[in-house]
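Participant: Got chain A sorted already, so can you dock chain B onto it with the hints?
Those sequence lines, one after another, are chains A and B.
Heads up, the first sequence is in the numbering used here, so the first residue is 1 and it goes up one at a time.
Heads up, the second sequence is in the numbering used here, so the first residue is 1 and it goes up one at a time.
Hints listed in this document are in silico derivations from the structure and should not be mistaken for laboratory results.
Some clues are possibly wrong.
[As the list claims (entries may be wrong)] Okay, derived cross-link-like pairs now, EDC-like style, lysine to aspartate or glutamate, Cα gap no bigger than 20 Å in a straight line:
(1) K78/B / D113/B
(2) K374/B / E78/A
(3) K138/A / E13/B
(4) K287/B / E94/A
(5) K89/A / E375/B
(6) K373/B / E94/A
(7) K373/B / E78/A
(8) K89/A / E209/B
(9) K258/B / E375/B
(10) K138/A / D20/B
(11) K374/B / D20/A
[As the list claims (entries may be wrong)] Output of the computed footprint for chain A on chain B, the stretches with three or more beta carbons under 8 Å from beta carbons of chain A:
(12) 4–11
(13) 16–24
(14) 204–214
(15) 218–229
By construction, the Cβ of each residue, glycine as well, lies at the ideal position given by its N, Cα and C atoms.
Okay, here's what each chain looks like letter by letter:
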Amino acid sequence: MTPSNNDVIFVKDLEKRFNDFVAVNKITFTVKKGEIFGFLGSNGSGKSTTIRMLCGIITPTSGQGFVAGHNILTQAEEVKHSIGYMSQKFSLYEDLTPFENIRFYLGLYSVPSAQWKERMDWVLDMAQLHEVKDRLTKELPQGWRQRLALGCALLHKPDILFLDEPTSGVDPITRRHFWEFITDIAGQGITVFVTTHYMEEALNCGRIVMINLGNIVAQGSPSEIVSEICPDKPDADLNEAFITLMSRGQQ
Amino acid sequence: MNPRKINAVMRKEFIHLIRDPRSLILAFIIPLSLILLFGYALSLDVDNVETVVVDYDHTAMSRDLIEHLDASIYFQIKAYARNANEVGEYLDHGSATLGIIIPPGFARKIKSDKGSPIQVLMDGSDPNFSNMARGYVNAFVAGYNNKLLLSFLNRNGLERINPPVEGRIRVWFNEDLESRKFIIPGLIAVIIMIAGAMLTSLVIAREYENGTMETIKSLPLSALELLVGKSVPYFFIALTNVFISVLLGQLLFGVVMKASFWLMIFGSSLYIFVALALGLLISTVTKSQLMANQGAILLTYLPSLMLSNFVFPITNMPSVLQLFTYIVPATYYIDILSGIYLKDLTFTQLWGDFAVLSLMFIVLAALNMRLLKKEGL
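So that you can see chain A by itself, here it is in the shape it has in the complex (with noise of 0.2 Å):
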């Protein structure tokens, strides 16, 4: 099985072992391009371990991984240029201002310079950050600094955005502009991979992932999900069908 053209991410029999413990035990999925992908699992069920593989931090233990075209065993420097990643703790430098936070990014991802102020622009245009863009981070707020954070993972145009939890400790209004947000992006053509712990949310998604125990435990759109797991069920809704997954394996 190699990647077809649509697959942005590509992964087969991917596992990440710790010394003896299996954190994730040879999963297969693949993303599609403009695809929003919703990644669930409650904590400590593989997730992140699967994102930073994807992200080229962490290197895998055996199996296939194709990002944007990239082998993440062997090009995590291609995959890393490729990617945008926010974290849920957004990870930005509260004592530098959002100019010069974007001036961080815009230099790691070595963006030409003759770019530097159209992008510049672009990240303060979408985040609506212009009039603030010489105050302190830390002064802005929390919705505000997540917009920043968004745009300094899509300052160089990657192919495909990873959000890990991105939207934990945002109030309800600001989680539906940021989704709108991502909404939009997607239709630009760039790939959302997305975990969240809210089934809400999860439900913006195209497809969908779970995995439980680093097993990948069902896969499809969000009502496909329902409908497989609580079949006798015709008023579940996904929040019901992700307990119930999560639960088969602690007992």
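Facilitator: Okay, now just chain B, sitting in the frame of chain A:
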């Protein structure tokens, strides 16, 4: 290595430094106060030993002895006591550290060729000091005996004879044996360790504490680029400290470099590299600013002060401890600096120290890069 990425990291570190002036103040206040404190307070020289004298003899000869004593730069007669008990009081209060008691019959015994003792009491609570004072007393007594013998021979019609063996001591490198000339180079080594290693020990730990390390790992940035970018601002801080120390040493304490200025800059830069690499390694390993800071004090500041031949001579240490001094970078840097400050040495004579420092730097940096690569950079 991509210069654009290094530049981005470097700029960011500079901004951190400017926004949090506490660390900048630390970077310059500590060196300044150390130079002033150590330069003025820590003098290892012993001269003008405060002496109290009792003369039970009251003869021309005993007065002659006392005059000679007072004329020496090593002794300063603080008081004339009436009896031995009073000498004890002076020593108890610490207002004198040396007591000399000339017994009755001193001149008479000498004139009848019997030889007379004089009693010397010494405050031994500072062994280093009293050892030196004892040496002075011995030298003084020997010199005075010599003088007496010669005048005796001359009086008895014998020609002036020369002493059979005469040690003609000539001190090289530090002609006046001023300890300051050695303290300044040693201080520079300690200061660079503080400015270099203690400050950089915070910079990677800070990324971990802020959660930004996770993002950095996801960025196309190599361990080397991160380390170089983070080091640059601190390199210049440390180098500025070298300049300040050299300048203050010259202005305040009159300690002037004898050898090449550029050799000093070369050696200092190499030593700064080692200090930065050590600080960054501590930072990577501890991942916590508090731990890193304590680790840095333990691993950089204290060894540089204690085990580097600066305050305590390595040759006097127990052999196990002497082994440790070989891995203290300051040992080699102090060797370079004192060679440059005092001996007018050139690179050909100092290349061994340079080689060891280079090796230390390479090992520390390689180890750090390995650790960071394992973490995902």
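Participant: Now look at each hint and say whether the structure bears it out.
Facilitator: These are the hints, each one checked on the structure:
A C-alpha spacing of about 31 Å is found between K78/B and D113/B, which places the hinted pair above 20 Å, so the restraint is violated. For the proposed pair K374/B and E78/A, the alpha carbon gap of about 18 Å is at most 20 Å, so the pair holds. With a CA separation close to 17 Å, the supplied pair K138/A and E13/B stays within the 20 Å bound. With a C-alpha separation of about 19 Å, the suggested pair K287/B and E94/A falls inside the 20 Å cut-off, and the hint holds.
About 19 Å separates the Cα atoms of K89/A and E375/B, which keeps this hinted pair within 20 Å; it holds. Restraint check: the Cα-Cα separation between K373/B and E94/A comes to about 26 Å, which exceeds 20 Å; the hinted pair is violated. Restraint check for K373/B and E78/A: the C-alpha separation of about 16 Å stays at or below 20 Å, so the hint holds. Between K89/A and E209/B the CA atoms are separated by roughly 11 Å; this keeps the pair inside 20 Å, and the hint holds.
The straight-line distance between the Cα atoms of K258/B and E375/B is roughly 47 Å, outside the 20 Å bound, and the hint therefore fails. Using a Cα cut-off of 20 Å, the hinted pair K138/A and D20/B holds, with the two alpha carbons roughly 14 Å apart. Straight-line distance between C-alpha atoms of K374/B and D20/A comes to about 18 Å, which keeps the hinted pair within the 20 Å bound. Under the rule that three or more residues need a Cβ within less than 8 Å of chain A, the assignment of the stretch 4–11 of chain B holds, with 6 such residues.
Using a Cβ-Cβ cut-off of 8 Å, 3 residues of the stretch 16–24 of chain B lie near chain A, which meets the minimum of three, so the contact claim holds. With 4 residues having a Cβ less than 8 Å from any Cβ of chain A, the stretch 204–214 of chain B passes the three-residue criterion, so the hint holds. Proximity of the stretch 218–229 of chain B to chain A, defined as three or more residues with a beta carbon under 8 Å from a beta carbon of that chain, is established by the 5 residues found.
The structure fails hints 1, 6 and 9 (numbered hints given earlier, in ascending order).
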